[in-house]
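K.L.:
In case you want the letters, here they are:
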Amino acid sequence: MNLLVAQAQQIEAPEIHYGAIAPVLIVLGAACISVLLEALLPKHQRWAVQLVLSLLTLVGATGALILYAVSERPEQGVATLAGTVAVDSPSLFLWATLLVLAFGSVLLIADRSVEPGGAFVAQAAIRPGTIQDRAQATKTGMQTEVFPLTLFALGGMMTFVASNDLLTMFIALEVMSLPLYLLCGLARRRRLLSQEAAVKYFLLGAFASAFFLYGVALLYGYAGSVKLSSIAAAAAGTDRSDTLLFAGFGLLVVGLLFKAAVGPFHAWTPDVYQGAPTPVTAFMAACTKVAAFGGILRVITVAFENTQWEWRGVLYGVAVVSMVIGAVLGLTQTDVKRMIAYSSVAHAGFLLIGSIALVPDGEGVSATMFYLLAYGFTTIAAFGIVSLVRNSDGEATHLSQWAGLAKRSPIVAGVFTFLLLALAGIPLTSGFIGKFVVFSAAIEAGLTPLVVIALVASAVAAFFYLRVIVLMYFSDPAPDGPTVSVPGAFTTIAITLGAVVTLVLGLWPTFVLDWAGTGTFLS
Amino acid sequence: MLDPYLPLVLMFALAGAFALFSVTAAPYIGPRRYNKAKLDAYECGIEPSPQPVVGGGRMPVAYYLTAMLFILFDIEMVFLYPFAVAADKLGLFGLVEIVLFVATVGFAYIYVWRRGGLDWN
Amino acid sequence: MSWVLIALLVVPLVGALVVAFLRKDDKKAKLVALAFSLVELVLAVLLWTAYDPGGSRLQLETKVDWIPAFGVQLAFGIDGIALVMIAVIALLIPLVIGAGWTEKLPAGRSQGGYLALILVQESVTVAVFAATDVFLFYVLFEVMLIPMYFLIGGYGGARRQYAAVKFFLYSFLGGLIMLASAIGAYAMASDELGKGTFDWATLVTVVRDADPTTQTWLFLGFFLAFAIKAPLVPFHTWLPDAAAEAPIGVTVIVVGILDKVGTFGMLRYLLPMFPEASKNLAPYILVLAVAGVLYGSLLATGQRDMKRFLAYVSIAHFGFIALGIFAFTSQAGVGSVSYMLNHSISTGMLILVIGMVIARGGSSQISDYGGMSKVAPLLAGMLLISGLTTLSLPGTNSFVSEFLVLIGSFPTQPVATILATVGMVLAALYVLWLYQRMMTGPLRGDALVAAAAGPGAVGDPEKKTAIGDLTKREIAVLAPLVVIVLALGFYPQPVLDVITPTVGATLTEVGVTDPVSVQEGK
Amino acid sequence: MTKYFAAEIGDTAKVLADDPIWLVLIKVVGIFAFLVVMTLFMINWERKVVARMQHRPGPNRVGPNGWLQSLADGLKLAFKEDIRPVLADKWVFFLAPVISCIPAFLAFSVIPLAGEVNMFGEQTALQLVDLPVGVLVVLACSSLGVYGIVLSGWASGSPYPLLGALRSAAQVISYEIAMGLSIVAVIMFTGSMSTGDIVGAQAHTVLGFAPAWFGLLLFPSFAIYVVSMVGETNRAPFDLPEAESELVGGFHTEYSSLKFALFFLAEYVNMVTVSALATTLFLGGYHAPWSGEFMNTGWWGLLWFIIKTLAFLFLFIWLRGTLPRLRYDQFMKLGWKVLVPTSLVWIMAVAVIRTGAIQQLSTAQRLIALGVVVGLVLLVSFLLPDKKVQDTKGVPLAGSGFPVPPLDLAVPKSAPKRKVKVANLPKETAAVTTGKEAE
Amino acid sequence: MTPTYYLLLSALLFSIGAVGVLVRRNAIVVFMCVELMLNAVNLTLVTFARINGSLDGQVMAFFVMVVAAAEVVVGLAIIMSIFRTRRSASVDDSSLLKY
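Protein chains in written order, with our numbering: chain S, 1 to 523; chain W, 1 to 121; chain B, 1 to 522; chain R, 1 to 439; chain Y, 1 to 99.
Keep in mind the hints are simulated off the structure, nothing from the lab.
Heads up, a few of these hints could be off.
Said to hold, decoys possible - Per label pair, the in silico range of CB-to-CB distance: (1) R:TRP91 / W:ALA13: 52 to 58 Å; (2) Y:ILE16 / S:LEU56: 44 to 50 Å; (3) R:GLN330 / S:LEU56: 38 to 44 Å; (4) B:LYS195 / S:THR243: 42 to 48 Å; (5) Y:ILE16 / R:ARG327: 43 to 49 Å; (6) S:ASP361 / B:VAL42: 23 to 29 Å; (7) W:ALA13 / R:ASP11: 25 to 31 Å.
Quick reminder that beta carbons are idealized off the backbone N, C-alpha and C, glycines included.
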């Protein structure tokens with residue numbers, strides 16, 4: 001402790017660029033306020049107020065972001081809060097992506113038209129299957145804590161993608177994960193499934209963060225600091241033991257890959273995607289992926305670019321495994337949410353290709369970020385559609401129940417088809433442009449064989465998307481099949497947003513591509 | 001120059017030896033006249049209600065809640081102590097930081113309070 | 001006049017939109033769709049007049065920036081080959097619509113949806129032939145699959161789902177591999193020029209000088225896509241399924257038009273972009289081509305299902321086309337291109353006629369028919385004509401093409417040519433045998449026997465009235481084809497005039513000189 | 001190590017640093033003996049004082065005036081039968097008293113009993129160790145002691161001990177928060193967590209006459225500490241874990257003989273320790289109430305220290321003699337809803353005042369800072385009226401199905417666990433399978 | 001005492017925790033194993049702080065403790081909920097979600 005005193009004498013108040021980090025501050029501040037509101041408002045007002053607050057927050061944060069980006073942003077970006085947070089072009093891009101995706105997710109989360117009372121349970125503390133539980137199934141309230149939880153998770157994600165040292169990254173990782181663990185367990189229907197998903201996600205997530213942390217510790221031992229730039233600098237010198245560096249890198253990356261649901265570290269993904277309430281699944285699938293890959297990109301680019309020849313082969317293999325697992329296991333799925341989960345594993349493989357394509361002028365980074373944006377919107381809309389197809393037990397997610405959906409609801413089937421085609425990467429959708437930019441970056445980085453494998457994997461993956469389309473259009477509907485709910489305004493907006501962005505980015509990606517490519521990481 | 005922690009170790013050893021001696025010696029010193037009633041769980045004389053093999057099974061949730069609250073506030077303290085030691089040197093910046101920190105915890109505290117997390121029934 | 005090309009792309013789309021809103025009223029939908037397809041035909045004629053055979057390599061070009069970050073443009077333009085293909089599309093679509101006038105769609109499907117998809121397909125296919133940007137070409141190449149996927153999967157026969165998915169996946173995989181090659185070419189261009197581009201003309205100049213290994217890999221990427229599309233032999237298995245399960249009109253489009261994208265791609269992309277690799281790999285491709293000719297012919301002979309029969313016939317013909325392309329003589333090249341056109345016309349006609357047969361008999365099994373010429377002599381005549389042009393009887397359009405391919409290939413590839421000639425013999429065999437089994441001999445098949453016995457003889461009135469000779473509508477559909485078959489059989493010059501300069505230019509790009517100087521057009 | 005702390009080492013620590021090992025051993029034994037004697041004394045004293053308060057004589061048979069009564073009780077305990085219930089977890093049951101006992105002694109190691117003295121020719125301080133984290137050692141030990149309690153209850157395999165242990169654990173950890181927070185203000189003024197430094201910081205006088213004891217300067221902290229120290233040690237009126245009338249004997253119901261004696265010992269040692277810590281933190285430790293040399297150096301310190309500590313111990317007895325036991329909910333409410341928030345607000349206020357004093361802030365800055373704190377106080381006081389919002393729409397959370405002794409005293413035939421399984425499982429399985437079938 | 005021993009010890013603890021997570025079936029035990037892993041990391045951090053002569057590692061250990069505490073709170077809440085429902089904390093019993 002006394003040593004701390006000694007060092008405290010050198011402590012100076014770090015300079016804080018409030019303008020730069022305003023979006024994060026707004027989100028986290030609003031999350032705190034949201035908790036207060038939750039405490040103080042009477043029950044019947046909470047939903048409306050929380051929703052308005054959340055949406056205003058997202059709009060406000062986006063506004064602050066735009067304001068900063070157009071007015072005072074320095075070309076290179078700034079490192080603020082004693083260099084722990086880097087606000088550079090990729091940060092801003094990813095922040096904007098996260099905010100907009102979160103907007104869609106919040107709309108899905110808030111929706112109460114599809115399922116009376118919303119997708120969330122009224123009181124999570126009640127044990128499933130008891131009398132009280134049956135009583136609450138008829139009630140229309142929902143656990144409005146989901147709003148602050150979502151905002152906290154979002155705040156964590158935003159910090160995660162901008163964190164310039166590994167400790168900040170770890171804290172951000174937890175801030176984003178812990179609310180998600182809880183959110184997973186709050187489904188109104190099939191609560192056992194939902195709780196189980198939460199437990200699995202939590203245990204595996206905690207396991208993975210322990211790995212991440214051990215990696216941080218080893219890198220700290222190696223470099224004497226956890227700043228990404230210090231690690232890069234230390235790795236440039238050759239007098240230290242590489243064991244620490246690579247053991248640290250390996251463990252760190254395992255933690256990150258887990259969050260990103262990549263390859264062999266994907267075990268939680270299908271279970272959690274299936275068990276979690278669908279709006280949360282959408283939020284996770286879109287935003288967590290953005291955050292995790294944002295982090296991976298930054299770590300790889302800033303801290304480990306110099307040593308890429310040592311680790312590249314490993315991640316190369318991981319990407320292959322991820323694509324193969326996603327594509328092949330996706331074929332065997334009979335549940336639409338699990339199927340999208342495996343698809344996300346395959347997509348994680350594609351994204352990893354972009355992440356390890358360290359092209360000198362940063363095309364790999366911008367390509368991956370574009371892919372993230374495109375994928376996020378498509379996924380949110382897809383889960384929005386999934387939440388519409390219901391029978392008396394809640395969502396009808398088994399594929400056989402989707403048979404002949406096009407006859408019942410041609411519009412829903414049409415939009416879903418479009419989204420599936422986007423996931424498959426068919427041209428004129430954002431999914432294609434995303435794949436295209438990632439693969440071109442990879443080819444320029446000399447990863448051609450990987451790209452070829454990826455192409456084959458996407459062809460295989462296309463098969464299971466097609467299977468759903470076949471089911472919806474060419475099969476006869478089951479006699480007691482699900483109905484398609486008429487979505488309320490929120491879900492409609494969310495789905496429309498996702499689908500329109502998917503289309504627009506497929507046709508005119510230039511604006512976003514340019515924006516993604518404006519700058520590189522601050523190092 | 002001794003390690004500053006050595007006296008603590010010695011104290012530990014002495015107290016530990018004393019305690020261990022006591023618990024080990026107890027069965028040998030005292031009489032041993034056991035019967036079934038003595039070895040049953042004590043429930044004021046009535047026949048004991050069946051218990052799980054070890055540990056009495058589950059505990060009321062309220063205790064878990066208290067445990068969680070404790071952890072949170074204990075952690076808050078973990079941060080308050082270094083601040084307290086260095087408060088004078090940290091100056092205004094430290095003050096602002098700690099006020100924000102306490103305020104954040106305070107929000108959670110208010111939430112728990114209003115939601116009845118601190119009520120015991 | 002470049003607006004004509006754009007109009008060709010836009011008109012069917014507008015038509016599709018209009019038709020899609022007429023799902024309630026089948027009759028109106030059919031009329032509107034036919035009207036739009038006829039407008040398209042008129043536009044195609046205008047395009048033909050606007051094209052100058054002696055002019056530049058690409059004509060009527062339009063370029064708009066699409067994704068500047070990657071140098072991608074919405075670039076359209078035509079050469080002689082594209083012109084011919086666009087023309088044949090515009091010709092076939094109205095006929096397809098006319099032929100399918102009374103066709104019954106699967107339960108719950110409307111004519112509006114079906115025709116809208118056909119019109120979308122028409123637009124996209126025209127665009128594929130007109131695209132002069134490699135990226136755009138790839139995009140359209142894949143997009144082309146989507147309406148076709150729904151056409152097969154939604155309106156086809158019993159195993160339509162299987163066929164649709166198989167069709168889609170084959171082509172999609174091929175396309176993806178092509179994409180990898182395209183990106184490779186792009187990367188090369190951005191190395192060379194400092195800024196990446198997908199412009200075809202620019203890419204050709206960059207890529208053609210690449211080192212042989214790179215060129216070979218890039219070539220293989222493109223080739224796989226085209227080989228699947230065209231179907232060359234080991235990559236062909238999707239075609240029989242697709243052809244057999246698709247409704248007749250769609251079979252015409254798949255076999256008559258879509259497949260040509262493959263051979264078109266070989267001419268437009270493989271040869272000019274990768275001349276060295278083309279030459280080095282030509283022997284292997286020729287093996288595939290000849291194998292296709294023989295294999296297709298043999299299996300066609302053995303088929304019992306008429307639609308599968310058509311598929312194998314096409315596979316054989318694509319063998320010929322590929323042979324002509326990779327023989328590297330202008331005669332063979334011209335022959336191939338004209339074969340692409342004539343194959344569309346003659347096979348299209350054959351399919352339409354067989355469709356009419358199936359519409360009457362309700363079965364696509366050859367064994368369900370026999371002695372049909374007694375009941376429907378006109379139909380039998382049409383089958384004979386279309387069969388004869390399929391087997392390239394002199395005097396029909398196909399003869400000119402096949403002859404050009406064979407004499408053009410012989411000087412460079414004598415062995416392959418001789419083997420391919422065996423295919424001609426087999427063609428005569430399977431076509432005539434088909435005719436013999438179905439049209440001559442004793443009456444076979446319930447419906448036919450019933451129809452011959454006169455009205456009211458058998459209980460099923462619906463089938464009975466369906467059997468009969470060609471209606472006026474059907475005659476109107478087939479008549480133009482008969483005219484064209486005969487006209488091109490005797491006077492192919494207008495088509496050859498358009499094709500020859502382009503083929504010549506292509507061969508120049510490859511850097512081959514003809515062993516025998518047969519510069520007809522020049 | 002040397003290099004590490006040399007620069008910051010406190011005065012007392014410096015003196016202690018060159019203690020020879022024999023001196024350390026003497027001190028260890030001395031402190032141990034001191035604590036045991038204090039325990040024996042306390043038990044007797046308590047009985048006598050309480051008896052006096054209740055107008056009865058109290059123990060007066062064994063030894064002079066009954067002062068050896070507790071020693072006799074202790075010896076008697078040793079010769080009692082040692083029982084271990086069949087359902088108990090053998091090793092944990094065995095170790096729990098040890099776990100509870102060791103930290104109790106350990107915590108006292110950092111308490112300064114007196115300043116510099118001369119022992120057998122060695123110049124030393126009357127303190128075992130002076131660590132830079134001394135206060136934390138005390139807190140850590142009191143936290144560790146909880147394990148002994150929880151494990152004893154858990155391992156007994158009996159419902160009363162379990163409930164007693166839970167209550168006790170909940171109580172100790174609840175009041176530990178308040179206790180820990182009350183110390184923060186002291187540390188803020190001292191700038192050190194070493195107990196020696198803290199005592200040293202209270203050596204002077206203020207305003208010419210009053211001792212600069214933090215108990216006066218930081219009275220709210222002191223008050224909170226005193227309340228929470230009583231709660232922390234499970235003493236009346238906060239002796240809920242052992243509430244005889246409710247829980248028989250609480251966590252140590254199943255313990256007998258010397259094992260029981262160890263719990264007893266630990267409890268009284270803890271009382272002495274928290275009293276001693278209160279003395280150290282708030283009453284100037286071993287310093288006399290006046291400054292200067294007179295009766296304020298060397299061994300005199302021990303006198304002052306013991307007097308002050310005994311004063312606190314008397315407070316314990318006094319409370320026990322006069323106050324009735326709180327209800328559990330009242331007790332928890334006091335801890336969580338009064339002590340903790342008051343502490344937090346007080347700490348913030350202290351921080352603002354101190355920072356203001358040190359930084360020589362402008363008036364405006366001080367006002368803003370004060371405004372923030374006042375705002376926080378207002379927020380807490382306005383937003384937190386303990387108005388029970390009746391959630392009429394909510395679903396009652398009753399019928400938990402936990403194993404509590406049946407009200408009608410009827411002994412169930414089969415184990416409740418199995419019964420529950422039979423009764424509820426089919427329903428749940430049904431719920432699960434319908435979910436499954438739907439997929 | 002060489003700091004390397006501490007590193008080895010922490011690596012060992014970390015491995016024990018990791019193996020525990022993989023082989024144990026009770027959710028709470030698994031969870032405790034995770035906590036063990038986190039604490040092993042703390043030991044590593046503090047050791048490296050000693051080796052590097054900077055305080056960063058110790059400060060990081062603080063943060064890790066906070067995070068571990070937050071994890072405990074969230075994790076216990078989740079595990080409790082399923083525990084109350086199923087009357088078992090065995091991971092194997094949670095088998096609704098399978099391939």
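K.L.:
With reference to the structure, classify each hint as holding or not holding.
P.N.:
Here is how each hint holds up against the structure:
no.	hint	result
1	R:TRP91 / W:ALA13: 52 to 58 Å	21 Å, violated
2	Y:ILE16 / S:LEU56: 44 to 50 Å	49 Å, holds
3	R:GLN330 / S:LEU56: 38 to 44 Å	42 Å, holds
4	B:LYS195 / S:THR243: 42 to 48 Å	44 Å, holds
5	Y:ILE16 / R:ARG327: 43 to 49 Å	44 Å, holds
6	S:ASP361 / B:VAL42: 23 to 29 Å	50 Å, violated
7	W:ALA13 / R:ASP11: 25 to 31 Å	28 Å, holds
In the structure shown, a violation is registered for the earlier hints numbered 1, 6, in ascending order.
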